[in-house]
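Colleague: Respectively, the protein sequence lines represent chains D and V. Under the numbering used here, the first residue of the first sequence carries the number 60, and numbering increases by one thereafter. Under the numbering used here, the first residue of the second sequence carries the number 60, and numbering increases by one thereafter.
Quick caveat, the hints were computed from the structure, so don't treat them as lab data. Keep in mind that this is a model prediction, so the values were computed, not measured. Possibly wrong hints are sitting among the right ones.
Not the full set, but computed from the structure, chain D residues with beta-carbon under 7 Å of chain V [claimed, not checked]:
{"hint": "1", "residue": "Thr-321"}
{"hint": "2", "residue": "Phe-332"}
{"hint": "3", "residue": "Phe-333"}
{"hint": "4", "residue": "Leu-365"}
{"hint": "5", "residue": "Phe-367"}
{"hint": "6", "residue": "Asp-370"}
{"hint": "7", "residue": "Leu-397"}
{"hint": "8", "residue": "Ile-398"}
{"hint": "9", "residue": "Gly-579"}
{"hint": "10", "residue": "Ser-582"}
{"hint": "11", "residue": "Leu-854"}
Idealized CB from N, CA, C, for every residue including glycine.
What follows is each chain in one-letter form.
Number of protein chains: 2
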Amino acid sequence: MAGDGSDQRALQYEQTLMYGRYTQELGVYAKEEAARLRESGQRRSVSDRSRALDLLEYDKGRCAKCRICTVRCQKFLISRVGEDWIFLILLGLLMALVSWVVDFCIAICLQAQKWMYGGLDSNVFLQYLAWVTYPVVLITFSAGFTQILAPQAVGSGIPEMKTILRGVVLKEYLTFKTFVAKVIGLTCALGSGMPLGKEGPFVHIASLCAALLSRFMSLFGGIYENESRNIEMLAAACAVGVGCCFAAPIGGVLFSIEVTSTFFAVRNYWRGFFAATFSAFIFRVLAVWNRDEETITALFKTRFRLDFPFDLQELPAFAVIGIASGFGGALFVYLNRLIVQFIRKQKAINRFLMKKRLLYPALVTLLVSTLTFPPGFGQFMAGKLTQKESLVTLLDNRTWAKQGIAEEFDYIGHSQAWKHPQVNVFVTLVLFIVMKFWMSALATTIPVPCGAFMPVFVIGAAFGRLVGESMAAWFPDGIHTDGTIYPIVPGGYAVVGAAALSGAVTHTVSTAVIVFELTGQISHILPVMIAVILANAVAQSLQPSLYDSIIRIKKLPYLPELGWGHHEKYNIRVEDIMVRDVRYITLNCCYRDLHNVLLTGQLKTLALVESAESMILLGSIERAQIQSLLSQQLGRARRLEYIRERAAAEKKRLSVISNPGSEDDSQRVSQEVRFQISTEESSFSPTRPIPQKPLKPALKRASVVERPTEIPTNSQDNSGIALKNLFCASPDTEGLEDDGDMEDDMTIREIAEWEEQQLDEQVNFNNCKIDPAPFQLVERTSLHKTHTIFSLLGLDHAYVTSIGRLIGVVSLKELRKAIEGSVTVKGVKVRPPLASFRDSGTSSSENEATELHKLWDRHKSMSLPREHTPSESDEKSQ
Amino acid sequence: MAGDGSDQRALQYEQTLMYGRYTQELGVYAKEEAARLRESGQRRSVSDRSRALDLLEYDKGRCAKCRICTVRCQKFLISRVGEDWIFLILLGLLMALVSWVVDFCIAICLQAQKWMYGGLDSNVFLQYLAWVTYPVVLITFSAGFTQILAPQAVGSGIPEMKTILRGVVLKEYLTFKTFVAKVIGLTCALGSGMPLGKEGPFVHIASLCAALLSRFMSLFGGIYENESRNIEMLAAACAVGVGCCFAAPIGGVLFSIEVTSTFFAVRNYWRGFFAATFSAFIFRVLAVWNRDEETITALFKTRFRLDFPFDLQELPAFAVIGIASGFGGALFVYLNRLIVQFIRKQKAINRFLMKKRLLYPALVTLLVSTLTFPPGFGQFMAGKLTQKESLVTLLDNRTWAKQGIAEEFDYIGHSQAWKHPQVNVFVTLVLFIVMKFWMSALATTIPVPCGAFMPVFVIGAAFGRLVGESMAAWFPDGIHTDGTIYPIVPGGYAVVGAAALSGAVTHTVSTAVIVFELTGQISHILPVMIAVILANAVAQSLQPSLYDSIIRIKKLPYLPELGWGHHEKYNIRVEDIMVRDVRYITLNCCYRDLHNVLLTGQLKTLALVESAESMILLGSIERAQIQSLLSQQLGRARRLEYIRERAAAEKKRLSVISNPGSEDDSQRVSQEVRFQISTEESSFSPTRPIPQKPLKPALKRASVVERPTEIPTNSQDNSGIALKNLFCASPDTEGLEDDGDMEDDMTIREIAEWEEQQLDEQVNFNNCKIDPAPFQLVERTSLHKTHTIFSLLGLDHAYVTSIGRLIGVVSLKELRKAIEGSVTVKGVKVRPPLASFRDSGTSSSENEATELHKLWDRHKSMSLPREHTPSESDEKSQ
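Excised from the complex, chain D in its bound form (with noise of 0.2 Å):
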């Protein structure tokens, strides 16, 4: 835009002035400045819009009245566009109309498949080829496309949502690229017929679209750049996602929420609910229109009888398939973790993957469809029926098994696949979960944008039909004794089984409702609530949830859960996991101690202390700052200015020697040097110098500045480069410095010593970014608050105060530890009272500084300029 740029010209001109000004306060200009960039940003959106309303007068230049009612339209438009409900009905939209197509497109690659066996039963040979050709190019062609388009499509999505909506920020996982990657391939994978689902996947587009969609409205209004306005949309967005994806939205929004958040804003419910059930709505009214259905209904409607659903007496059957659920879905989530270690260790393998990407998708697919080809051994396990049909049989109002006869029931549609002349339903129906199960576990690790939950939903639904099928065998006429005959329901077994399974897999109660909400009918809500709860007591206490397995495999930071029976997590407390030996920056030290301290620490920021004796907190510094302070003090432009002061003052010496007398103008002319060039009020003395500055006026000085672009920025261009560099992440400065090289005539020795004096220089923070208020926690927290306000508030760590002094500090690591218990923290540790941990502080100390000191020697000895090192040790630290 015009507008930005001229704004960032006017920027950088105030910015060169802002350096010019030092004799200014220049805390005081920050905030100044911040405040008229805050103010012209919201004149520049204003003008935006009246350029733009200008625009289109110019365009359309018909009649006036026409004109001036666009115009008024436009204006309200605009200033409607901001309103959430208008995002979320876009969103519900699109998202709707998405999956909708997707759904198309995976019903005309199926019946594709299908057609093509079916011509060709002349011949079976034939028949297989086409039937494993077909899938293994469709996976083929997604996982490679997905690899050269967007490798983050990769997968279900669901744990990379849940990472984000924790604060953190995950690269390219929310670009127009990984979008239409994630969408292309996701039809093609579904399209294939493998047991994968589509789900997780549509978490996942609709944050895409969510984040998009933001990034496009924001052409016109203010709000949507504001971040968490955006986490609370993206939110929204994955409870669209389920919604659209099952026509479930209430289920969609639960299913969210436990998925992907840890706390919830109760005011984000709404907008789930408003956007989900737009979205289902839609999803559900392109199908009337497509003439699929007559009106709207549920995805997978069942017809259950409504006035005597089940038994009493049958419950004991419904909590048996939710116990063992429990046990099925934790062994399924071990399962897929075993197979993708499995093949991560196994180093052949994984060489010979690596090498040919597509190949391992290709075996696995072609594995798995050889299998389920139907005249071999698919007969015995129903694999003719795509997931859709088999689940559309197993939720089937009939029962199919009287007893235990399987010919008795008349077959209809595609019933009729359970039917096998030879073998009985039972049989059929445990090949089918057997197989299946190892299938979806194995099918989930292709990497190839793809979900678990509809495998799994299925093979919940087979397990709960066996189940009930097994209980119509045992009681043909039902068990209810009092006059009437209550048949037992195989169909409502199925409801239970399925909603059981998946809610252990993925560790939530909410698949309940989408059950209800894809079949149509609540009137199973009791067995369903109880085998989904005890399926969840038991996998949560045996695995975690698919979706932290997922993310432990990928190492995404995360924070575990605080499950079933974490009570004695109420007796740890934060001075038992904390970290006492923090690395912290006094206010007064000199540029030696910043680098000493980024030699050595790993966390990405610093406690600012007052002093080492108070260690009162004043705030904590980002290490990209405290890097680009030293690199300020080190840089090239400072030492070329040292140069060039060097050779005046060697000039002056000799005119001196001429001309004794003339002190005053030399000063007069190094002063000139200084207003020149200077960034900083600390003239590059090299004698050791200025005594410890007094505490306040340092306070009063230390600004907050929001922007770290603004601060490396300096007037000079070619100490600008070395600075970027320093900041884009891969410092670069080696070829750099060999270049300028030829103009510096100072010796690496020189250079050295020069090094040496300015590091001994007292840091001025004026141009720092600080954090001014940190979080802080007290000794005494319990680590189950901790883990609440870490979750809260999605910090990565958390300093420990006493009345204002810094004693310690608990990043996400200590507590992760914590929590899983892999620091044996049984009961409480007894504190060591305060006067040993000042002396251990103390001690610890010391024993770093000789190390530091250690370190530094080791490095006086390389003969490389200095001013690398702390850039070089943080990439190693990182």
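Using the hints, position chain V against chain D.
Modeller: Below, chain V without anything else, positioned relative to chain D:
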């Protein structure tokens, strides 16, 4: 418990020891002490258990095997009793029983009324008397009983639970008395047949149950004393309350979340589901066991057709219901508040009602029951039916008005009540809606335990029915045009209306889920969702929810929600709303400063800063702590001590006159005295004392002592009483002072002088409970984020700091104002630059100082002993 007592003694002994060991650093000591206490607490609970086992073995001396078995069982049970699920099962069971018993009693009450009314059908006047007297007696009893036993039981209870879950402690709201009052009061109130609900009170009753159960269970295990656990259990209890009231576990959980929480911990989710499901299950099983039902089904089962529940073209009608319900809901809330405010404002009425507290309920009941008298006006509004009966008829499957003529449908059961020979069904429905609307709004203001959910639900159902019947009359053969005729189902409209109106009044979306669970059918999911969302959108933009409205009426501490379209809140920052003129205490202030600060501030806590110049925030101190510090300094014990010392000095002076040169001795004497009784390090030297303490040692000495009760306890008994009084919130030191004047030989003038001296001493914060890490915000934190943090962490206030410097404070009040818009914060105010702020800051503190001076001077002129003033002024300011 015996163990407790001995521990208490040990504690007291150690405390005496602690005050004797005044040479040791108290901070360190307090920490060691706390560690020891924690350890001993653990040991105690272990020893308690083993003692219980020992007792068992004494009691049962039968056979060895049996004993061992019992002991093992006991051990197992005790080890398990701490688990959450045991607690939740007990809670669910208890609440199901309570709910069932209450329902049973209500049913009996209502039957009794019908029986009386039916038996007296010979005489209309007697009939009227019976019809009216019965509810008047019941309601009056309920009001009187509640008033006498526990006035806290009055009303719904949801607003109070919302406040409690925010972290505010409401006294007496969770006691056994309240439980009894609520249960009996509710039963009587609902038994009267007035339009009241049981849902809100059940949330309160469940919470009461949980609190009492938790207290009971704490006899066995330790974790029941944990506060954060109790809060989590209360959240689960709210879900149980709704769940067992409607047999709606899912809806219960969601409704309780929406109504009571701002941020919801997803880890609490399973707790709510588990307990609510169990509770609903038992509740329905009890009905089966009582032969009311054949099996577990929904409470208000509907039998709408599954294949074609509604036509797509009916959706506009559903939307109309939603929007109208939104307006209706807002009107209901407004009406309810208007009635309460009218009664409050009319002083004459108010005085009269305050005198005769039971008159208002009786009058309202008389009015309502007169109007519903079936042979009177009640015949036009189905007055004969109870709430439950009218709901059943409204959700009926059949169409009442074909072609607008009421006669056509066949009346069976209660549906007959809606038929009137002369009057159309539509008129009956309209009258029912209008009359019930204001009756419900009026009835819920009666001071008995009652909710408004169910009456509103019924009104909504009636409104939906009205629209449905109109549609059925308009399209007698349904709207659908191709082939089969699908007539319109007015019952479906009633379901939609009920969900929409109750959703609008409570500002919740989950009424949709409650409706599905109540009717046992989910076929109308999309119309219901659309109507509920529209109703919410309308109602939220017009009025607060009923519960928020009650919170405001009752002036409970609350934080308004950020509702629809709050996006402009993203642009307001904390600096725009914060109070810059913070009350603070410096580390080296004197007691006079404390006194002055107490005289002026309103906040319950005061900031502790390092010094007035640096303003580094070190912590916050509660008012009560400062009061105790002051009273310790100015207390009688110290004055007596001073007198004694003065007498000793006088004696010595006399002896010095007789025997000059024994100064060393006198010093020893004063030291001994100090050793005996001084609770503080600083001696009470009458000279203006002690140069400014250096920061570091003061900080090192400062400590966190957890229990406030530990602090004031010192070895002297008489001073202990005064302090205790100060701590028990109502200081009654006046009397104490009078009775102590006998020993006191100082004149008031002398006392004043002595106090002046004391006030000039520097404060010793050693024994003061300091919150060492109060919550801090940055100036640039947005209002949106501030709201999030306040509601997440249940904060009351937060300090605004900038690099350790305290620059402002934000309390709930400012936040509330900013959100509600009474502070006109349009867009972004240009923040004053730091310099001008500093000027205004100093000038304001100067103003403040002069004001304080005035206060102090005015105060001086009063001849009262000065040590009472801080607490007095505090009482006034609170």
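Colleague: Each hint: holds or not?
Modeller: Structure-based check of each hint:
1. At about 6 Å, the closest approach between the beta carbon of Thr-321/D and any beta carbon in chain V falls short of 7 Å, and the interface hint on this residue holds.
2. A hinted interface residue such as Phe-332/D counts as satisfied when its beta carbon comes closer than 7 Å to some beta carbon of chain V; here the least separation is about 5 Å, so the hint holds.
3. Using the Cβ-Cβ criterion of 7 Å, the hint placing Phe-333/D at the interface with chain V is satisfied: the shortest such distance is roughly 5 Å.
4. Interface hint status for Leu-365/D: upheld, as the beta-carbon distance to the closest one in chain V is roughly 6 Å, under 7 Å.
5. Using the Cβ-Cβ criterion of 7 Å, the hint placing Phe-367/D at the interface with chain V is satisfied: the shortest such distance is roughly 6 Å.
6. Interface restraint check: Asp-370/D against chain V, minimum CB-CB distance 6 Å, threshold 7 Å, status holds.
7. Checking Leu-397/D against chain V by beta carbon gives a least distance of about 27 Å; that is not within 7 Å, so the hint is violated.
8. With 7 Å as the threshold, the beta carbon of Ile-398/D stays out of range of chain V, its nearest partner Cβ sitting at about 28 Å, so the hint is violated.
9. Hint on Gly-579/D holds. Least Cβ distance to chain V is approximately 6 Å, under the 7 Å limit.
10. Given hint, Ser-582/D at the interface with chain V, holds; its Cβ is 6 Å from that chain's nearest Cβ, closer than 7 Å.
11. Among the interface hints, the one on Leu-854/D is violated; its C-beta lies about 12 Å from the nearest C-beta in chain V, farther than the 7 Å criterion.
Of the numbered hints stated above, those contradicted by the structure are hints 7, 8 and 11, listed in ascending order.
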